[in-house]
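**Student:** Chain by chain, the residues:
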Amino acid sequence: MLTKIKAIFALLAVLVCMTSCATVKSPLSGMVYSDVKAPVAVTGNSNSTKVGSSEATSILGIVATGDASIEAAAKSAGITKIHHVDEQSSSILVFFAKYKVFVYGE
Amino acid sequence: MANNQLRMACRTRHFFIIPLLLLVNTMNGQNISRYYTSSLQEKGTLFYILPQKGFESNNKNNFIYDMSYQTQNDTVTVNFSYFDRMNLILDSISLSNGNQQVSSDAEKLYIETKKSKWHYRYSSKFLFTDIASFFDQTEPPTVNIYYPEGSVVLNIKAKTWRKQSALIKKILTLIEYNK
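Those protein sequence lines, which keep their order, are chains A and B. Using my numbering, the letters of the first sequence map in sequence onto residues 1 to 106. Using my numbering, the letters of the second sequence map in sequence onto residues 107 to 285.
Don't read these hints as lab results, they were simulated from the structure. Hints are not guaranteed to be accurate.
Among the chain B residues that face chain A by a calculated CB cut under 7 Å, a handful are [to be verified]:
| no. | residue |
| --- | --- |
| 1 | T143 |
| 2 | E148 |
| 3 | Y154 |
| 4 | S174 |
| 5 | N185 |
Derived BS3-like pairs: lysine-lysine, alpha-carbon spacing no greater than 30 Å straight-line [said to hold, decoys possible]:
| no. | chain 1 | residue 1 | chain 2 | residue 2 |
| --- | --- | --- | --- | --- |
| 6 | B | K231 | B | K221 |
| 7 | A | K98 | B | K265 |
| 8 | B | K269 | A | K98 |
| 9 | A | K37 | B | K149 |
| 10 | A | K37 | B | K159 |
| 11 | B | K166 | B | K265 |
| 12 | B | K159 | B | K269 |
| 13 | B | K263 | B | K220 |
| 14 | A | K98 | B | K166 |
| 15 | B | K263 | A | K98 |
| 16 | A | K75 | B | K275 |
| 17 | B | K275 | B | K214 |
| 18 | B | K275 | A | K98 |
| 19 | A | K75 | B | K166 |
| 20 | B | K159 | B | K221 |
| 21 | A | K75 | A | K37 |
| 22 | B | K269 | B | K220 |
| 23 | B | K265 | B | K231 |
| 24 | B | K269 | A | K75 |
| 25 | A | K81 | B | K159 |
| 26 | A | K37 | B | K220 |
| 27 | B | K276 | A | K37 |
| 28 | A | K98 | B | K159 |
| 29 | A | K98 | B | K223 |
| 30 | A | K75 | B | K221 |
| 31 | B | K276 | B | K166 |
| 32 | B | K214 | A | K98 |
| 33 | B | K223 | A | K75 |
| 34 | A | K75 | B | K214 |
| 35 | B | K214 | B | K166 |
| 36 | B | K159 | B | K276 |
A virtual CB, placed ideally from N, CA and C, is assigned to each residue, including glycine.
Next up, chain A with everything else stripped away, as it sits in the complex (with noise of 0.2 Å):
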């Protein structure tokens, strides 16, 4: 009894000390699996017909590479006049978690 008591805390407390690894800026979280789609800006340019994406990414929380900025993504479609931009947010465990912006503009 005690030793599976011991095996519950040790697995919690390596659950605890994993939650601050891959993780990415979310509206929602998920602790196993996640992958939200969600607003980031609307302006007052009236339409779209081209857009851009930029990422970056987390392994392990160890290394994190990217550059999920508005301006890369603008840039990436030759964008000039943004309409709006929305992001994307998915991590898989606490493993890899990824940050996507995407950006619709003319």
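Starting from the known structure of chain A, arrange chain B on it as the hints suggest.
**Tutor:** Showing chain B alone in chain A's frame:
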């Protein structure tokens, strides 16, 4: 005692297996919603197929492309990035579709450096029907990018092409339904 340990081991195994199954389930299924976005506009729906990798030159220089398409138009905008150590000024791109080849001018978006390579970012336009037939072929196709002095041939592995063409074909079908 041995039974308890066995039971504990089984429960611990379930703790790891269930998330793993969830993970595998999300990766294997053709859940195309993760690979495109759509936005309702005054003039139809604007679809965006997220960046795809896989094509590379013999020197292992990468080629990444994304596509956007507005349902009222005939053309698909293909924006691409090509990474190379060579100094190039690209002027056009072609997609080989079996015996047929479709070409388009490449319009420069920007050129930057990434680590030791140049990052060439260009934009091109193809007819929707040409793009559809390009992704409809089963054999791995080639992409050629041209510069004044020559060209670079980009190939894709058969396994990668199978997955990528199936994914994009499904997205193109969805776009067709929404035209």
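**Student:** Going back to the hint list, which numbers does this structure go against?
**Tutor:** none
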